[in-house]
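Number of protein chains: 6
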Amino acid sequence: MTSDRYQKGMTKLGELTVATESSPTGHMEVGESFKDIAPDLTRLVVEFAFGDIYARPGLDNKQKVLTTISALVAQGTPQIGMHVITGLNVGLTPDEIAGCIMHLIPYVGFPRALNALKVAQEVFAEQGVSISSRG
Amino acid sequence: MTSDRYQKGMTKLGELTVATESSPTGHMEVGESFKDIAPDLTRLVVEFAFGDIYARPGLDNKQKVLTTISALVAQGTPQIGMHVITGLNVGLTPDEIAGCIMHLIPYVGFPRALNALKVAQEVFAEQGVSISSRG
Amino acid sequence: MTSDRYQKGMTKLGELTVATESSPTGHMEVGESFKDIAPDLTRLVVEFAFGDIYARPGLDNKQKVLTTISALVAQGTPQIGMHVITGLNVGLTPDEIAGCIMHLIPYVGFPRALNALKVAQEVFAEQGVSISSRG
Amino acid sequence: MTSDRYQKGMTKLGELTVATESSPTGHMEVGESFKDIAPDLTRLVVEFAFGDIYARPGLDNKQKVLTTISALVAQGTPQIGMHVITGLNVGLTPDEIAGCIMHLIPYVGFPRALNALKVAQEVFAEQGVSISSRG
Amino acid sequence: MTSDRYQKGMTKLGELTVATESSPTGHMEVGESFKDIAPDLTRLVVEFAFGDIYARPGLDNKQKVLTTISALVAQGTPQIGMHVITGLNVGLTPDEIAGCIMHLIPYVGFPRALNALKVAQEVFAEQGVSISSRG
Amino acid sequence: MTSDRYQKGMTKLGELTVATESSPTGHMEVGESFKDIAPDLTRLVVEFAFGDIYARPGLDNKQKVLTTISALVAQGTPQIGMHVITGLNVGLTPDEIAGCIMHLIPYVGFPRALNALKVAQEVFAEQGVSISSRG
Numbered sequence: 001m002t003s004d005r006y007q008k009g010m011t012k013l014g015e016l017t018v019a020t021e022s023s024p025t026g027h028m029e030v031g032e033s034f035k036d037i038a039p040d041l042t043r044l045v046v047e048f049a050f051g052d053i054y055a056r057p058g059l060d061n062k063q064k065v066l067t068t069i070s071a072l073v074a075q076g077t078p079q080i081g082m083h084v085i086t087g088l089n090v091g092l093t094p095d096e097i098a099g100c101i102m103h104l105i106p107y108v109g110f111p112r113a114l115n116a117l118k119v120a121q122e123v124f125a126e127q128g129v130s131i132s133s134r135g
Numbered sequence: 001m002t003s004d005r006y007q008k009g010m011t012k013l014g015e016l017t018v019a020t021e022s023s024p025t026g027h028m029e030v031g032e033s034f035k036d037i038a039p040d041l042t043r044l045v046v047e048f049a050f051g052d053i054y055a056r057p058g059l060d061n062k063q064k065v066l067t068t069i070s071a072l073v074a075q076g077t078p079q080i081g082m083h084v085i086t087g088l089n090v091g092l093t094p095d096e097i098a099g100c101i102m103h104l105i106p107y108v109g110f111p112r113a114l115n116a117l118k119v120a121q122e123v124f125a126e127q128g129v130s131i132s133s134r135g
Numbered sequence: 001m002t003s004d005r006y007q008k009g010m011t012k013l014g015e016l017t018v019a020t021e022s023s024p025t026g027h028m029e030v031g032e033s034f035k036d037i038a039p040d041l042t043r044l045v046v047e048f049a050f051g052d053i054y055a056r057p058g059l060d061n062k063q064k065v066l067t068t069i070s071a072l073v074a075q076g077t078p079q080i081g082m083h084v085i086t087g088l089n090v091g092l093t094p095d096e097i098a099g100c101i102m103h104l105i106p107y108v109g110f111p112r113a114l115n116a117l118k119v120a121q122e123v124f125a126e127q128g129v130s131i132s133s134r135g
Numbered sequence: 001m002t003s004d005r006y007q008k009g010m011t012k013l014g015e016l017t018v019a020t021e022s023s024p025t026g027h028m029e030v031g032e033s034f035k036d037i038a039p040d041l042t043r044l045v046v047e048f049a050f051g052d053i054y055a056r057p058g059l060d061n062k063q064k065v066l067t068t069i070s071a072l073v074a075q076g077t078p079q080i081g082m083h084v085i086t087g088l089n090v091g092l093t094p095d096e097i098a099g100c101i102m103h104l105i106p107y108v109g110f111p112r113a114l115n116a117l118k119v120a121q122e123v124f125a126e127q128g129v130s131i132s133s134r135g
Numbered sequence: 001m002t003s004d005r006y007q008k009g010m011t012k013l014g015e016l017t018v019a020t021e022s023s024p025t026g027h028m029e030v031g032e033s034f035k036d037i038a039p040d041l042t043r044l045v046v047e048f049a050f051g052d053i054y055a056r057p058g059l060d061n062k063q064k065v066l067t068t069i070s071a072l073v074a075q076g077t078p079q080i081g082m083h084v085i086t087g088l089n090v091g092l093t094p095d096e097i098a099g100c101i102m103h104l105i106p107y108v109g110f111p112r113a114l115n116a117l118k119v120a121q122e123v124f125a126e127q128g129v130s131i132s133s134r135g
Numbered sequence: 001m002t003s004d005r006y007q008k009g010m011t012k013l014g015e016l017t018v019a020t021e022s023s024p025t026g027h028m029e030v031g032e033s034f035k036d037i038a039p040d041l042t043r044l045v046v047e048f049a050f051g052d053i054y055a056r057p058g059l060d061n062k063q064k065v066l067t068t069i070s071a072l073v074a075q076g077t078p079q080i081g082m083h084v085i086t087g088l089n090v091g092l093t094p095d096e097i098a099g100c101i102m103h104l105i106p107y108v109g110f111p112r113a114l115n116a117l118k119v120a121q122e123v124f125a126e127q128g129v130s131i132s133s134r135g
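Residue numbers (UniProt numbering), protein chains in the order written: chain A, 1 to 135; chain B, 1 to 135; chain C, 1 to 135; chain D, 1 to 135; chain E, 1 to 135; chain F, 1 to 135.
In short, the hints are calculated from the structure, not lab data.
Quantities reported herein were computed from a predicted structural model and do not represent experimental measurements.
It is possible that some hints are incorrect.
[Stated by the list, open to error] Derived pair list, reagent style DMTMM-like, types lysine to aspartate or glutamate, alpha-carbon separation capped at 25 Å:
1) F:K118 - D:D4
2) F:K35 - B:D60
3) D:K35 - F:E122
4) D:K118 - A:D4
Here chain A stands alone, though its shape is the one from the complex:
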């Protein structure tokens, strides 16, 4: 038995990911690997982060992922890659994603931006996408 918020979260996750039979939440890590030490984590991630927050009106999905990536670049946390995949799924172009990271240089400094570009570059290669050619 799942809550309305859980269903709402799973619906939102369906927009952000490409679900497969083995992984109904697609590429998104929503805490299933911590069932042994945090049995309620997946429920909290799905209900709160996706059912409550990601499902809020105000921003479209592309804006939400751009916003998420920007905060993670500033934090320097390693989850950026997962959200770069989400960005591609919702229609952000590689130019927009790389452009977001480049745009943050004056605010977060080169080191954090370079770390994020490296992660984005790896994801782009794995996903077989590339940025448009411009000088």
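Please arrange chains B, C, D, E and F on chain A, whose structure you already have, making use of the hints.
Positioned in the frame of chain A, the structure of chains B, C, D, E and F alone reads:
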């Protein structure tokens, strides 16, 4: 005598601000108040942050400001207010700006989000704008 | 009409604060002052931070507040004072609260610890409590 | 010849670790691997972090480790694992340690909490402990 | 009765500050204002930060203050001002101090650098010093 | 065709690195590996970080590298190693570099200092340098 990049930066600043006679860069603090201890700062801000970075292709102005605000929310730096004004100038709605800050709660935690909402709330009041009424 | 989680959150808040008629959540800022720009914030704070997280088993209230204060000291966010009051409400002694901040010096450095001690000192004075006399 | 504070620090380390013949400070890294470039580091860690700070009155050992872990979760520094072992040594249960990390989600965000859970999970597996089964 | 390290710390403080009768540690806040809640703090600051660390060989005083200021600029902690005064006391010029903050822009971003410049500017004004005139 | 600032940046890089035929910027990562996703990054790094900032008067190269390393230690970003090499190139001794990291312990805490020492230790070993022997 100013460089091409300085002109490019000033043009971009013109898109982001409402220039007045007394302040050609509008509400944006671009370092003029530090002429005594950092005489080259304004040039560096205008040339690099605006001429090089803000003028890059890849993202539109609304995306650029959203990206900037998100990074500052994560950092907890006090410059958020200035960029909220910029956001309103380029056409972000109060719903989008407040929505951006709310969206970051799962990534940066409530304390940093609440601090940012307070700044946004003050700017909205000063600018006489409000969010649309929705439940 | 409120959810079960909201009720659970309000019950937990009742343990952490001294409710008054004018403020059912006592000294805790749970987002009511942002009703104009984030009408769902109070619900999210009460349901998630208090109904989901603070109400989890595993740690007692004193441990939960100590954990919260420690993270805020490391972050350097200004919400420490509110949680120091909560700590006193749930039975942490001023010695434990000051001891927690002092204990963090080797991990977060003197500057963040001194900033936090200043906030704790102000709260202790306002609340009329003091640490036990030991050398 | 060692100082009183060094002895006090070693005594405190004895409470926190399981000393072995080859490692008198047990699992704790107290800087011995940096003897070549920082010959005084071990002395400073033992005397200050353990002799001065960890040996202070005010908090018991379980509270001190909980406080330490909480700050490291907020910082995102990789030393969490070492302090999770210390926590188990002084009697914190896996429920308390995982509960501490989960409790911090509203304050530090999901990314830092997930990173910390991963480290704790690895330590729990290495140490052969698990959390109690609750829903 | 004070320890050797306390004496060593006070001697080092004497090099860094201009002592007065009412304040033997000059402009440096070494924790005396927290005697009520952290009676051992001053001893720990003087013994550890000054007696152990500041008195280490390896760097001269000017390098030590420059290093300290750089870390505080990156952290965004408000103690920068006190260390700017120390810098002037040990012979760093206003050009070196402002130059240090400007140098950090590519590493920490403009917002943290601007916040630090503001603090330095205020200290320079209070101390009646100014940077040399260069374009 | 390159700008004056690019030339100025390359000249400054020449002071900081040992150029080889295959790598005109020596050991410094200036963004060439991101040509596919950020084609303008190398130009921005060379022009801004080196042509504009590193080439400023006010500090000498040794001070500039010490300042850079200090900020990266506080941030906890992994680029420290590259700047430790630069430090050795411009004449900082291993004692000064290790002394800088040790000096930061009271300001950033042991965890970040230990992480930085580990990186410095690896670089010193790779470069075949060691600190002078002192107690």
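Evaluation of the provided hints:
1. F:K118 - D:D4: Violated, because 29 Å separates the two Cα atoms, which is more than 25 Å.
2. F:K35 - B:D60: holds, 22 Å
3. D:K35 - F:E122: holds, 13 Å
4. D:K118 - A:D4: With Cα atoms ~29 Å apart, K118 of chain D and D4 of chain A exceed 25 Å; violated.
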